[in-house]
Amino acid sequence: MCGINGIISDRPTGQLIELGIHKMNNSISHRGPDDDGVFYHPSEGYEIAMGIRRLSIIDLKTGHQPISNNDGSITIVFNGEIYNYKKLRRDLSNAGVKFNTTTDTEVVLKLYETKGANAFSALDGMFAYSIYDKRKNKIYIARDFFGEKPLYYTKNDGVFYWSSELKSIISVLPFTPGISNAGLTLFFQLTYIPAPFTIYENIFKLEANHYIEFDCQKQSLKIKEILQNNDIFPTVKENEIISLTHDLVWESVRSRSVSDVPIGAFLSGGVDSSIVSLCLSEQSSTPIDTFSIGFTKKEFDETDKSDLVAKLIGSHHHQFVISEKDLKNDLDRILLNFDEPFADSSSLAGFLVAQKTRQHVKVALTGDGGDEVFGGYNKYYMGKMNRIYTRYIPSSVHKKLDGGFHNLFRLREDNRGLKFKISRLLKSIDYSDAFYYNILSLGFQQKELNLLFRKEELLDNPLETYKAKMNHPPADIHDFREIDRLLSLEGDMLVKVDRTSMLNSLECRAPFLNKKLWDFTRQFPEHYLIRQWDKKYILKKAFKKYFPEGFLDKPKKGFGVPVGDWLRSDLKKELQHFTEKDFIRKQGIFQYDTISKLVNPHIEGKFDNTFRVWTFFCFQKWFSSVFKEKIVSA
Numbered sequence: 002m003c004g005i006n007g008i009i010s011d012r013p014t015g016q017l018i019e020l021g022i023h024k025m026n027n028s029i030s031h032r033g034p035d036d037d038g039v040f041y042h043p044s045e046g047y048e049i050a051m052g053i054r055r056l057s058i059i060d061l062k063t064g065h066q067p068i069s070n071n072d073g074s075i076t077i078v079f080n081g082e083i084y085n086y087k088k089l090r091r092d093l094s095n096a097g098v099k100f101n102t103t104t105d106t107e108v109v110l111k112l113y114e115t116k117g118a119n120a121f122s123a124l125d126g127m128f129a130y131s132i133y134d135k136r137k138n139k140i141y142i143a144r145d146f147f148g149e150k151p152l153y154y155t156k157n158d159g160v161f162y163w164s165s166e167l168k169s170i171i172s173v174l175p176f177t178p179g180i181s182n183a184g185l186t187l188f189f190q191l192t193y194i195p196a197p198f199t200i201y202e203n204i205f206k207l208e209a210n211h212y213i214e215f216d217c218q219k220q221s222l223k224i225k226e227i228l229q230n231n232d233i234f235p236t237v238k239e240n241e242i243i244s245l246t247h248d249l250v251w252e253s254v255r256s257r258s259v260s261d262v263p264i265g266a267f268l269s270g271g272v273d274s275s276i277v278s279l280c281l282s283e284q285s286s287t288p289i290d291t292f293s294i295g296f297t298k299k300e301f302d303e304t305d306k307s308d309l310v311a312k313l314i315g316s317h318h319h320q321f322v323i324s325e326k327d328l329k330n331d332l333d334r335i336l337l338n339f340d341e342p343f344a345d346s347s348s349l350a351g352f353l354v355a356q357k358t359r360q361h362v363k364v365a366l367t368g369d370g371g372d373e374v375f376g377g378y379n380k381y382y383m384g385k386m387n388r389i390y391t392r393y394i395p396s397s398v399h400k401k402l403d404g405g406f407h408n409l410f411r412l413r414e415d416n417r418g419l420k421f422k423i424s425r426l427l428k429s430i431d432y433s434d435a436f437y438y439n440i441l442s443l444g445f446q447q448k449e450l451n452l453l454f455r456k457e458e459l460l461d462n463p464l465e466t467y468k469a470k471m472n473h474p475p476a477d478i479h480d481f482r483e484i485d486r487l488l489s490l491e492g493d494m495l496v497k498v499d500r501t502s503m504l505n506s507l508e509c510r511a512p513f514l515n516k517k518l519w520d521f522t523r524q525f526p527e528h529y530l531i532r533q534w535d536k537k538y539i540l541k542k543a544f545k546k547y548f549p550e551g552f553l554d555k556p557k558k559g560f561g562v563p564v565g566d567w568l569r570s571d572l573k574k575e576l577q578h579f580t581e582k583d584f585i586r587k588q589g590i591f592q593y594d595t596i597s598k599l600v601n602p603h604i605e606g607k608f609d610n611t612f613r614v615w616t617f618f619c620f621q622k623w624f625s626s627v628f629k630e631k632i633v634s635a
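The sequence shown begins at 2 in this note's numbering and counts up one residue at a time.
Careful, some of the hints might be misleading.
[As the list claims (entries may be wrong)] Using 16 Å as the maximum straight-line C-alpha spacing, the simulated EDC-like pairs for lysine to aspartate or glutamate come out as follows: (1) K574 / E605; (2) K470 / E226; (3) K87 / E226; (4) K385 / D535; (5) K238 / E449.
[Claimed, not checked] Label-pair distances were calculated between CB atoms; the ranges are: (6) M386 / P602: 40 to 50 Å; (7) G551 / P395: 19 to 29 Å; (8) E458 / Q16: 38 to 48 Å; (9) A469 / D302: 37 to 47 Å; (10) K456 / H578: 39 to 49 Å; (11) Q577 / E252: 45 to 55 Å.
None of these hints come from the bench; they were simulated from the model.
Keep in mind that this is a model prediction, so the values were computed, not measured.
The beta carbon of each residue, even a glycine, is placed where N, CA and C say it ideally should be.
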C-alpha cells in the first residue's frame with residue numbers, strides 16, 4: 002500500500018516542480034514509510050513529476066517505484082493491491098512479455114503497454130495509480146471499482162495536480178481554496194462528502210471505477226468510466242446459491258491473503274469479520290492473528306463474541322480494551338487527518354484498532370463491504386417500508402399524521418435505540434423518488450438546510466447528480482445497494498478505513514469487496530439477501546455450519562462512540578466556542594438562531610441531537626484549522 006502524487010505544468014518551472022513533488026510526498030509519508038520515489042521528465046510544452054511513498058507488502062527488495070518499461074516510454078506509480086496479478090502475469094508471459102520484478106505494479110504497467118486503457122477492467126483489486134505514456138503525451142489516472150483507494154485532483158493556472166490525499170495538494174497550492182457549496186451541502190446532509198465532490202472549490206475526488214485521461218500538451222482532461230465485463234451466473238436453486246456463496250467468499254479471502262509480510266484479521270465478533278477470520282484460519286497452516294477492541298463501557302462492548310470466535314478458530318487473539326480517555330486523546334489528530342469535514346464517529350475506534358494492530362502485523366483483513374454486498378443494513382428495511390407506506394397511505398393523510406409522529410418520537414434518549422430508528426424512518430418518508438436519499442441523510446434533510454445556512458447561494462442540491470446516475474427511482478434492495486456503492490461505501494466507509502489504517506501505516510483488505518461477489522448478488526432475487534426480517538440470509542446460510550446455533554443471528558453493536566455525551570461534558574467548552582454569536586458571524590455560513598436552537602437543547606440534555614451537533618462540531622473543527630485567520634481577523 003502506498004500514496005501517490007503528481008504534477009503537470011504547462012510551462013518550465015526550473016526546480017519548482019521537483020521541489021513540489023517532494024513536498025507532496027512528505028505530506029503523506031505515513032502512507033508509505035518504507036520507500037520514497039520520484040519521477041521527473043521535462044518535455045516539449047510541459048513538465049511532469051510523479052511521486053510515491055511506499056508501504057512494501059509484495060516483492061520487498063525489487064518493488065521500488067516509480068517503475069518504467071524497458072525503453073522508458075511508460076512510467077507508473079501505483080497504490081494498492083492487484084489480487085489476480087499472478088494470473089495476469091502468466092497470461093502476459095505466455096504472450097511473450099518479459100518482467101524485471103515480481104510486483105503487481107509491473108503487471109499493471111505491462112498490461113497497459115500491451116492493451117492500453119481498455120485493460121483496466123481486467124484488474125481485481127483496490128488501487129489508484131497514474132501511468133505516464135511519453136509516446137502519447139498522456140497520463141492515465143485510474144481508481145478501483147468500489148473506490149477503496151482515494152484519488153484527488155485539481156487544475157490551477159496551467160498546473161494539474163493529483164494525489165492520494167487532499168493535504169498533499171493543499172501543501173503545494175499557492176492559496177487556500179474556498180469552500181464548495183456542493184461539498185458543504187453534502188456534508189451537512191450525509192455527514193461525509195462522496196465523490197466527485199470535496200469540501201474545496203475546484204478540487205475533486207475521482208469517482209470509483211473511473212479513470213482520467215489527461216493530454217499533457219493540450220492540458221485537456223477527460224473522465225471515463227472503466228467499462229466492466231460483468232460476471233454472469235446461471236439461475237440455480239437455493240442450495241446451489243448457498244454453495245456458490247461459500248466458494249466465492251472462500252476464494253476471495255484466499256486471493257486477498259497473499260503477502261510477503263505478516264497478515265492478520267480484524268475480529269469484531271460480527272457476521273462479516275467472523276466469516277473472514279474463519280476462512281483465513283482454515284486456509285492457514287498456523288494459527289492466525291486476530292484483533293479486536295473492547296470498551297470499558299459495557300453497552301458498547303462485545304468482546305464476548307470475538308472471544309468466542311477466536312477460541313472456535315484457534316487464533317492468536319489480541320484484544321485491546323479502550324476507555325473514553327483513549328478515544329479522546331487522539332480526537333484532533335484523527336478528525337483533522339481526513340483533510341475535510343468527516344463525522345463518522347466510529348473512525349475514532351477504527352483508528353485505535355488499526356494503531357494496536359500495526360504493532361503486530363502489516364496487513365489486516367476486514368469484514369468491510371459485507372453489508373453492502375449481502376444486504377445487511379437496517380436502511381434496506383426502511384427503504385422497503387417507505388415503498389409500502391407510500392403505496393397505501395395517501396400523502397394528504399401522511400401530512401396530518403406527520404406532526405403527531407414527530408412529537409411522539411422526539412428523541413430524548415441514546416441515538417442507538419429504537420426511537421432513533423423510528424424517527425429516522427418517519428423523517429425519511431417521501432412520496433417522490435428521493436426517499437432513499439433521505440434515509441441516507443443522517444444530518445439534515447434538503448428542506449431543512451434553508452434554515453441552517455445564512456445565505457441562499459450556499460445551498461446546493463448535489464444529490465441530484467447521483468439520482469441522474471441511477472436513471473430511475475430506486476425500486477428494490479438492489480437499487481438501494483447501488484446507491485450505497487456510489488455514496489456511503491465510497492464516501493464514508495472506505496474513507497474511514499483508508500485514513501485510519503494508513504495513518505498507522507497498516508494495509509487493510511476487504512474480501513467482501515470483490516466485483517465477482519457484487520455481480521453474483523446483483524443477479525439473484527432480493528429475498529436471498531433479506532428474507533422477512535433476516536438480513537444477509539444467503540451469507541449466513543452458507544457459513545452457519547461453522548458456528549454455534551444462532552450465533553450469526555445476534556445483532557451487532559458496531560464501533561459505537563458516546564460522542565453525544567462528550568458534547569455535553571469534555572467537548573462542551575469547545576462546542577460552545579464554535580456556537581458563539583461572534584464566531585458564527587465572522588464565519589458567515591450559518592444562521593445563529595438555528596445553530597443555537599440545535600446545540601443548546603442538546604447540551605442541556607433536553608433532546609438528543611447527537612448526529613447533527615456532532616456533524617456541526619466536526620465541520621467547525623475542520624474550519625478552525627484551515628481558516629484560522631478568518632475567525633481571528635474578521
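Checked hints:
no., hint, in the structure
1, K574 / E605, "holds (13 Å)"
2, K470 / E226, "holds (12 Å)"
3, K87 / E226, "violated (25 Å)"
4, K385 / D535, "holds (14 Å)"
5, K238 / E449, "violated (47 Å)"
6, M386 / P602: 40 to 50 Å, "violated (29 Å)"
7, G551 / P395: 19 to 29 Å, "violated (41 Å)"
8, E458 / Q16: 38 to 48 Å, "holds (41 Å)"
9, A469 / D302: 37 to 47 Å, "holds (43 Å)"
10, K456 / H578: 39 to 49 Å, "violated (23 Å)"
11, Q577 / E252: 45 to 55 Å, "holds (54 Å)"
Of the numbered hints listed earlier, those contradicted by the structure are 3, 5, 6, 7, 10.
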